[in-house]
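S.K.: All chains, please: the whole structure from these sequences, using the hints.
Sequential numbering from 1 applies to the sequence shown in our numbering.
If you are wondering where the hints come from, they were derived from the structure by calculation, not from laboratory data. Just so you know, these numbers come straight off a predicted model, no measurement behind them. For every residue, glycine included, the Cβ atom is placed at its ideal position computed from N, Cα and C. A couple of the hints might just be wrong.
Distance ranges between label pairs, derived from CB positions [claimed, not checked]:
| no. | residue 1 | residue 2 | range |
| --- | --- | --- | --- |
| 1 | 12 | 127 | 29 to 35 Å |
| 2 | 122 | 62 | 18 to 24 Å |
| 3 | 28 | 101 | 40 to 46 Å |
| 4 | 96 | 126 | 27 to 33 Å |
| 5 | 35 | 103 | 22 to 28 Å |
| 6 | 61 | 32 | 17 to 23 Å |
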Amino acid sequence: MVVLPKNSNFSRGVGGGKKSWTIQHLTQQWAVHAAIVATDPNDLERHYAAGLALQMAGQSDNADEEYLSFCREAERYHVTLGEAVKYYGEIKDGMEKEGLTEEDVEYHNICGRIKLLQRYDKLKKDDKKIINKMK
1 MVVLPKNSNF
11 SRGVGGGKKS
21 WTIQHLTQQW
31 AVHAAIVATD
41 PNDLERHYAA
51 GLALQMAGQS
61 DNADEEYLSF
71 CREAERYHVT
81 LGEAVKYYGE
91 IKDGMEKEGL
101 TEEDVEYHNI
111 CGRIKLLQRY
121 DKLKKDDKKI
131 INKMK
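M.R.: See below:
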């Protein structure tokens with residue numbers, strides 16, 4: 001199981017778009033989280049929404065834990081991390097066809113999901129290398 005060190009940069013540059021965050025953004029993001037939980041408490045997106053809200057609040061270690069939970073559940077749901085990345089990549093491609101760019105928050109957040117999944121995959125591979133060296 002991947003464990004992050006304190007003050008990791010796992011969530012750096014992941015969500016929220018390029019604009020500075022305000023209390024209103026934070027409040028809106030917790031509302032998104034609450035709506036997901038109310039609709040389906042098992043939806044893996046609840047972890048991404050909570051991670052983003054915690055990141056906005058400056059609680060990066062807690063945000064990282066939520067983002068890790070998002071990655072673990074995405075891997076389980078999509079069977080592999082590669083399939084999860086492919087799924088979000090297809091959403092990103094559709095957004096690009098609609099003309100969305102990094103300036104659009106939803107597009108930026110889809111890219112953030114892909115970054116997290118790719119970083120998580122790298123961490124898992126690095127952990128396996130360390131474990132294999134210890135054998």
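S.K.: Which hints from the list above does the structure break, by number from lowest to highest?
M.R.: Violated hints (numbers, rising): 1 and 3; every other hint is consistent with the structure.
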